[in-house]
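Visitor: Construct the entire structure; sequences and hints are all you get.
Positions 752 to 1208 (this note's numbering) are the ones given, in order, by the sequence shown.
Incorrect hints may appear among the rest.
Okay, the calculated beta carbon distance ranges per label pair [said to hold, decoys possible]:
no., residue 1, residue 2, range
1, His1131, Leu986, 33 to 43 Å
2, Lys819, Leu979, 11 to 21 Å
3, Ala1033, Glu767, 56 to 66 Å
4, His941, Ile891, 53 to 63 Å
Hints in this document: simulated from the structure, not taken from any laboratory. Because the structure is a prediction, the values reported are computed rather than measured. Backbone N, C-alpha and C define an ideal beta-carbon position, used for all residues, glycine too.
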Amino acid sequence: MTKCIGCKCCVVACNEQNGNPADILWRRVGEIEGGSYPFTQRHYLSIGCNHCLEPTCMTGCPVDAYSKDGLTGIVSHSADACIGCQYCTWNCSYGVPQYNPERGVVGKCDMCYGRLERGQSPACVSACPENAIQIELVNIADWRTEYKPLANSPGMPSADDSLSTTRITLPKSAPGDLRKVDITHLRIEHAHWPLIFMTVLTQLSVGVFGAIAWMQLVGRGAHDSAALIALVVALAALSASTLHLGRPIYAARAMKMWRRSWLSREVLLFTLFAAAATIYSAALFFRLAGVGFFGVCTVLLGACGVAASARLYLAPGRPAWNSPITFLEFFATTFLLGVSAADALSNGHYALNTALLLAAVAVAAAVAVKLLWLRFASRHELFASWQLLSSVLLNKLLLRAFMLIVGVSFIVAADSIYFRTLGLLLLLGGEFIGRYLFFVSVVPSNIASGYLAQEAA
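Guide: Shown next as structure tokens:
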């Protein structure tokens, strides 16, 4: 940082070396500033991949597309193995992995490994006119104890998430209030519609099967038609999730790293849930023996799948997701939609009406707890999520609350099956809006950007 002048020659050289389009940047230059007029300072920081000691991009990958060289420490990515799930882009606190929609895969800096093998410097190092970028080997044991003052800097995420190995040199005269120049730049994130449908509909299906199993247990009927509908919903949800992938033809690879990746575990658990739900639905339809056992297995696998869904969103690079509140949100949705479907089917059973009111309170509590947490958070990304929800996204947040109140009222108070069905649809629509807000309101952890740029360049 003491030498960088923000010319971005390194950015151009990196893109030319790797053949990337102009909007995909494996190396970026951030800007930070501080001080009081007229004694203000602005500094520039060129950042590529930090080749962390504990790379979160690698540990979360469901297809083992990442590898770390034992000698150099370089973290490499295999485009051939990648399925374009983009999970690594959420896990990296520095926003290093970049998704290329034209190729359908993620890419990242590999420190120009091919050039290093030929005895050449990486393209960014060779292009820098100020010699601001240098490559070095670090002693792993020493770095683990010394990294905090060396790898942390204003305008950068905490190095604690992945133990970054980038050594940042701050100017000795730097003011103490240095911060990102783009700290007031807020924008909503990509909605990821296939994942919105997948998460809400799988939770609806799990909730409905849970309600059916409970109703069967208390002697309220088999409801085989509802089970078949819930099964179709689950299969449709799992099919929709493949549309999120850049290379959906290789979707089956997603289960490969189930021992390590929560995405792999989610896929595996929901696949087992769908299989169990198929058997359970058939047992209900044909009145087979052992239907209760199949029901318990289906509900347990579904609940584990919902838990895996929530856990995979606890990503370091997405602070507003990285909280136990995500579990509360996902299970509250499961509870609400399952009970509301059962209540509509049972024509207003008192116990189900009470359970529906409790489910609505759980959903409202999850929203309230999250909003309060974001509002009073000291971390910039969390408070920025609150700013989005209380401004440009406020109308959608209020619409969700309205649909929750009206939907519950229709199911609890109305005698007509049509009003009950309408109430169920309102609640389902409200949860779709809630999941949309979940995705678009998250402010990612990232390096500083340029003042005139949405992304660091």
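Visitor: State the violated hints by number, sorted upward, taking the hints as numbered earlier in the document.
Guide: 2, 4
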